[in-house]
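Visitor: Below, each chain spelled out in residue letters.
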Amino acid sequence: MAEEEKVELQQLKHENQDLPQVLVLGSPTCLQTLKQLYSHKFRFLIPNTSLDSLYPLTAPLSSISAVICSASFSITAPVLRLLPSLRLVVTTSAGTDHIDLNECGCRGIQVAGAGKLFSDEVADMAVGLLIDVMRRVSAADRFVRTICEAATWDFPLGYKISGKRIGIVGLGSIGMEVAKRLECFGCTILYHSKHKKSAVSYPFYNSVIDLAATSNALVLCCALNEETRHIVNREVMLALGKEGFIVNVGRGSLIDEKQLVKFLMDGEIGGAALDVFEDEPNVPKELLSMDNVVLTPHCAAFTSECIIKLCELVAGNIEASLSDKPLITQVKW
Amino acid sequence: MGSISVLLVGKVLPYLEQELDKRYNLFRGIDPSQRAAVLRDHAASIRAVVASSSGGPDAALIEALPKLEIVSSFSVGVDRIDLQKCKEKGVRVTNTPDVLTDEVADLTIGLILAVLRRICECDRYVRSGNWKKGDYKLTTKFSGKTLGILGLGRIGAAVAKRAEGFDCSICYYSRNEKPDSKYKYYPSVVELASNCDVLVVACPLTSETHHIINREVINALGPKGVLINIGRGKHVDEPELVSALLEGRLGGAGLDVFEKEPHVPEELFGLENVVLLPHVGSATVETRTAMADLVLDNLEAHFLGKPLLTPLV
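Residue numbers (our numbering), protein chains in the order written: chain A, 1 to 333; chain B, 1001 to 1313.
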């Protein structure tokens, strides 16, 4: 592995030294497409060992000015210290909870994210997950594929979605797209956000507990930060109730996962559809045999259609940075 | 009314069965041998039949019940009922329109998303532990796609309304073009299939719509097209559908109904681009209860000499 790594970095010295180097961390899903589309513009360096072990090879690292990272690679202060010339971090995710934004700010490193690129995809998935958990779609599909030929179709009834009260936690770009879709189902949209949004007519709830108490389902679309960690806790879940449902397309740690598992096991909450988990790719084993949960592998954003657009956005942000122009999707905090 | 004899010929919500039992002299005839026994002893007294999507009175049964006045179906689809025979004999028929429209439309969108975004497959991926080996592959976006609706009735229109929230373009085929509709009309099912990404079957099953989704339509929908059937199994030439999916001539399918329920072609079980549901279009507590109440209210209205709430015949 280290051998390949040295070869990869050494190639840099002999070929196309003119091309700007871009270090790629965390194996983003769009990497293959990125290489196909932009290898004539950038020299992608892809370490196949952890960054720490690259420390002895300081020459290439010290000249790196741009990094592309996925949501699964943490850009911490120690990582940033290994890259003294870094000017730009481009994450392929909408979320930025994996980046030490303060440290970047202190160092004058700009950060670019995926902005609203995935909002449609993630909103689509959120609605799909909500319908699945309330109408038992995945459980029913399993049922059909595994029951024996002679059995009758005695399958438990689901819950109606149309006309229900849906509480959206985080009414940003994704939350608004979820709201727009569910309005067409005749749902009543309610929300909690850091601040009330004056341009929006949906009822605002300052307390997530109050939101949960009046909602049939909660859809979590907010960013993960210190204030939103475990925003869905024991009290919120109790307020949501035995026939209440949770959909999480934000980050796993928005929910107190241990408590959620316990409540699902005890029947204190109706069901949950989760695209994200506290310790991905690990999923609490108790969930793996439940019929009132839907589990997807953090893929709400990933469609073939959006990958090319994502690559264009990533490349565009790097080019903007290299020419000292404003970034397309700068993350401000 | 406890002396009025009612024959139950299809599976219904337990609540409905219990209420029928309380209010009428209920005979259960879902199972063929059960039915034969009931007919032998009570045919002459039965004044009402309660049907459902799983069973309804054909011509022979209607003939065998000389005192039959009304058939009340616990479903919106009445393809199991010989409507012509009912008309001839002056037998009233009621169904359960409207109360399940939203429900079926909700599930239709759920099916589309489940197929395009591979939700059920993703769930299997996680449960089997495969996520630890790597990410799931890219799936197909739904927003902005073109939805073709076969049958722009109540359910078709409700599906269209929901799809608009996803910025979908909507087109449709119907027996007659609807002049008030804002959606694009195609005069044939093949043309509809050629021009849409997802085709939803939402029309009633009649002799004209039997196998309306045939090889030609499936080929027109194509290797990236998705078929969603929330109508009746017999709308689709099932063997043709299966071979098209196996050969890759059709991109995917979401099926809530099958030609011979509860039989599902086994060849579909190994496919990751299909979602298979056990006819649950209206299967929520809320809607099934509303359907049951409509059946009961129609029967009550009839026997009290009042106008029927939702008559078809």
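Derived by calculation from the structure, the hints in this document are not laboratory data.
Any given hint could be a false lead.
Simulated crosslink set (PhoX-like; lysine-lysine; CA at most 25 Å straight-line) [unchecked claim]:
| hint | chain 1 | residue 1 | chain 2 | residue 2 |
| --- | --- | --- | --- | --- |
| 1 | B | 1085 | A | 35 |
| 2 | A | 116 | B | 1145 |
| 3 | A | 35 | B | 1087 |
| 4 | B | 1132 | A | 258 |
| 5 | A | 180 | B | 1234 |
| 6 | A | 258 | B | 1133 |
| 7 | B | 1234 | B | 1260 |
| 8 | A | 116 | A | 332 |
| 9 | B | 1067 | A | 309 |
| 10 | B | 1161 | B | 1067 |
| 11 | B | 1137 | A | 116 |
| 12 | B | 1306 | B | 1085 |
| 13 | B | 1133 | B | 1161 |
| 14 | B | 1067 | B | 1306 |
| 15 | B | 1085 | A | 180 |
| 16 | A | 180 | B | 1161 |
| 17 | B | 1184 | A | 180 |
| 18 | A | 116 | A | 285 |
| 19 | B | 1137 | A | 35 |
| 20 | B | 1224 | B | 1184 |
| 21 | A | 309 | B | 1145 |
Visitor: So, for every hint listed, does it hold in this structure?
Guide: Hints versus structure:
1. B:1085 / A:35: The given pair, whose Cα atoms are some 68 Å apart, is violated under the 25 Å limit.
2. A:116 / B:1145: holds (19 Å)
3. A:35 / B:1087: violated (69 Å)
4. B:1132 / A:258: holds (20 Å)
5. A:180 / B:1234: Violated. Residue 180 (chain A) to residue 1234 (chain B) sits at ~35 Å, over the 25 Å cutoff.
6. A:258 / B:1133: This hinted pair holds, its Cα atoms lying about 24 Å apart.
7. B:1234 / B:1260: Status holds; Cα separation ~8 Å.
8. A:116 / A:332: Holds. Residue 116 (chain A) to residue 332 (chain A) sits at ~14 Å (cutoff 25 Å).
9. B:1067 / A:309: violated (68 Å)
10. B:1161 / B:1067: violated (44 Å)
11. B:1137 / A:116: holds (21 Å)
12. B:1306 / B:1085: holds (23 Å)
13. B:1133 / B:1161: At roughly 40 Å apart (the allowed maximum being 25 Å), residue 1161 (chain B) and residue 1133 (chain B) break the hint.
14. B:1067 / B:1306: holds (19 Å)
15. B:1085 / A:180: violated (47 Å)
16. A:180 / B:1161: holds (12 Å)
17. B:1184 / A:180: Roughly 23 Å between the alpha carbons, so the hint for residue 1184 (chain B) and residue 180 (chain A) holds.
18. A:116 / A:285: violated (33 Å)
19. B:1137 / A:35: Distance of about 18 Å is within 25 Å: holds.
20. B:1224 / B:1184: holds (21 Å)
21. A:309 / B:1145: It holds: about 17 Å lies between the C-alpha atoms, which stays within 25 Å.
The structure does not agree with the numbered hints 1, 3, 5, 9, 10, 13, 15, 18 stated previously, though it agrees with the rest.
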